[in-house]
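K.L.:
Residues per chain, in single letters:
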Amino acid sequence: MAETAAPRKSREGWRGRFLASPYLLLIPAAIALAGVSIYPLFYGVRASVTHYLYGRDFGFNGLTNYRNVWHDEFFRQAMVTTAKYVVCAVTIETLLGLGLALLVSREIRFGGPIRVGLILPMTIAPVVVGVMWRLLYDSGVGVTDPLFQLFGASPPDVLAHDTSAFISVVLVDVWEWTPLIFLILLAGLQSLPQEPLEAARVDGAGRVRLFLDHTLPMLRPVLFVAITLRVIDAIGTFDQIYVLTKGGPGTATRLISIYAYNTAFLFTQYGQAAAMLIALLAMVMLLMIVAVRMMRKSLR
Amino acid sequence: MPRVALYSSIAVILAISIFPFWWMVDTSFKQPVDIFGGVTFYPHHPTTSNYHRLFNTYHFASYLENSLIIVAVAVSVSLAIGTLAAYSLTRFNLRFGLNQSALVIALLVRMIPGILLVIPLYITLAKWGLLDTRLGLILIYSGLNTAFVIWMMQSFLAEIPRDIEEAAMVDGDSRLSALVRIVLPLAAPGLAATAIFSVIVTYNDFLIALSLTSTTNAQTVPVGVSTLIGKIQIEYGPMAAAGVIGALPIVIFALVVQRHFVRGLTLGAVK
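Heads up: the protein sequence lines correspond to chains A and B, in order. Just so we're aligned, residue 0 is where the first sequence starts under numbering that gives the first Met the number 0, counting upward by one. Just so we're aligned, residue 0 is where the second sequence starts under numbering that gives the first Met the number 0, counting upward by one.
Bound-form chain A, shown alone:
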């Protein structure tokens, strides 16, 4: 290294210093981030107070879009469906993910391949997940109907009825995203300090007590991160639903993202769709603030 030092020295002039200025290094990233966040959000707000007719801009119309959204029964319905979807899916995923993480956190043979097998569902495209489950649920080519027949029940054609369609899409979400909670909790479990657990074990604590009194409290911050991530992601669920049911039958699985997408791209009501999404964003942010507050309190 020493013999190449001399020629390199000459390059370290004002140009080198300028190019390595810490703020200059940030500029491309700042532009990129602004381009996909501030700029579209600004445009979104603008679109939400704009009157669109057949997709054409007819100027400012105040809060009309918001008023329409407020009175829109289908919007409310979509919000309720989304809330139900998120609560059902994330609850099941958390319980299953926690159980799985506890199961696999111990040293087991073939740990690597098993782990990859378990997380495969969350790595492939959600659209492909939709295709897979469409092939499983379908009454003509699928597996669910024959399965019900095997147990003597009549074939239910799960995607054709409200309740069963809703349960079906929730189960797809559970299949796809339990691995994420599992992975995060596994990382959390493996980084827990072992001493308190050892001490409690020596004191004669049973496995259940050990879990409830020691593991779970220590795991709480990680659990919180996992659940928050999942909730925010689940609120925006679109791909699998689009492939599986397109929001149907009727409105049974019409989540807010599907409804907003249809409003914008099927009915070209960009203004109204933008108003919906701004309202949704406000609600999500409120939720996040509440969540962070709750975590701070529980950690104190």
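No wet-lab data here; the hints were simulated from the structure. This one's a predicted model, so the numbers in the text were calculated from it and none came from an experiment. From the three backbone atoms N, C-alpha and C, an ideal C-beta is built for every residue, glycine too. Don't take each hint at face value.
Covered stretches of chain A (in silico footprint by chain B; criterion: 3 or more residues with CB under 8 Å from a CB of chain B, positions within the stretch not fixed) [what the hints assert, rightly or not]: (1) 257 to 269; (2) 278 to 290.
Example chain A residues on the side facing chain B (calculated, C-beta under 10 Å, incomplete) [claimed, not checked]: (3) Pro27; (4) Val79; (5) Gly116; (6) Met131; (7) Pro145; (8) Pro192; (9) Asp238.
On the provided structure of chain A, position chain B as indicated by the hints.
P.N.:
Coordinates of chain B only, in the frame set by chain A:
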């Protein structure tokens, strides 16, 4: 729990997580008659005709080509600018509390649901004449990925001690050449994990690609897969084949780079 019970419960869970994959592969190699002929767990008369039809009738190669180009360019661009930003954030004391706030901003950008972005992006791209072009998607994915790259790379770069590059700079390296010659090679595993995650996220995206493209000029693989469903009559064979082709690159990826892969997936959330 006894070991037998442990391993058998793991086996059951693995089966649940793998079976949908197998059913899709199974269906993709079946003949139409067998697809509707009841449940069979392997193709009794295997055929590749579904794949032939996928590429000949449904032009699947053009979706693959679009995805390949878009993912490669967008991930490279975001890795470059995101790593530079992450380097700046870990190595300098910036004003306005930028060191912390930039990370929070990056995370927030990453968390905005896609549906919130597509309507404004659609209107903007329409204005610039970039709808249904690869360039339009490349620009958007580069931006979205940058947020993630900053978030991940700063945690990897922070692990690399400053002394090493400072020693190189004493020996005559400029800061940039120290970054390229010393820091980046040391951060290679982190760079790999970040790249892997970015590739997966970009390749898998559906909503943005669906909303901003309309023809095979720029439609990506997930959009291509979904076009097989929109028809009045669903073509189950080609649809299954499309799913297999769509999943294959990522599954192979996951198996080849196992270790980086798990690290990449967890680091996004757990530091």
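K.L.:
Hold the hint about Pro192 (chain A) up to the distance rule: shortest CB distance to chain B must be less than 10 Å.
P.N.:
Violated, because the Cβ-Cβ distance from Pro192 (chain A) to chain B comes to roughly 16 Å (cut-off 10 Å).
K.L.:
Quick check on Gly116 (chain A) please, does its C-beta sit within 10 Å of some C-beta on chain B?
P.N.:
Constraint on Gly116 (chain A) satisfied, holds at 5 Å.
K.L.:
Quick one: see if chain B covers the segment 278 to 290 of chain A, three-plus residues with Cβ-Cβ under 8 Å.
P.N.:
holds (count 3)
K.L.:
Report holds or violated for the interface hint on Pro27 (chain A), using the least CB-CB distance to chain B and a cut-off of 10 Å.
P.N.:
holds (4 Å)
K.L.:
Mind taking a look at whether chain B covers the segment 257 to 269 of chain A? Criterion is 3 or more residues with CB to CB distance under 8 Å.
P.N.:
holds (count 5)
K.L.:
Let's test the interface hint: is any C-beta of chain B closer than 10 Å to that of Asp238 (chain A)?
P.N.:
holds (4 Å)
K.L.:
Hold the hint about Pro145 (chain A) up to the distance rule: shortest CB distance to chain B must be less than 10 Å.
P.N.:
Given a least distance of 5 Å, the restraint on Pro145 (chain A) holds.
K.L.:
Hint Val79 (chain A) vs chain B: min CB-CB distance below 10 Å?
P.N.:
The hint is violated - Val79 (chain A) has no Cβ within 10 Å of chain B, the shortest such distance being about 17 Å.
K.L.:
Have a go at the Met131 (chain A) hint: is there a Cβ in chain B nearer than 10 Å to its own Cβ?
P.N.:
holds (4 Å)
Hint violations for this structure: numbers 4, 8, all remaining hints satisfied.
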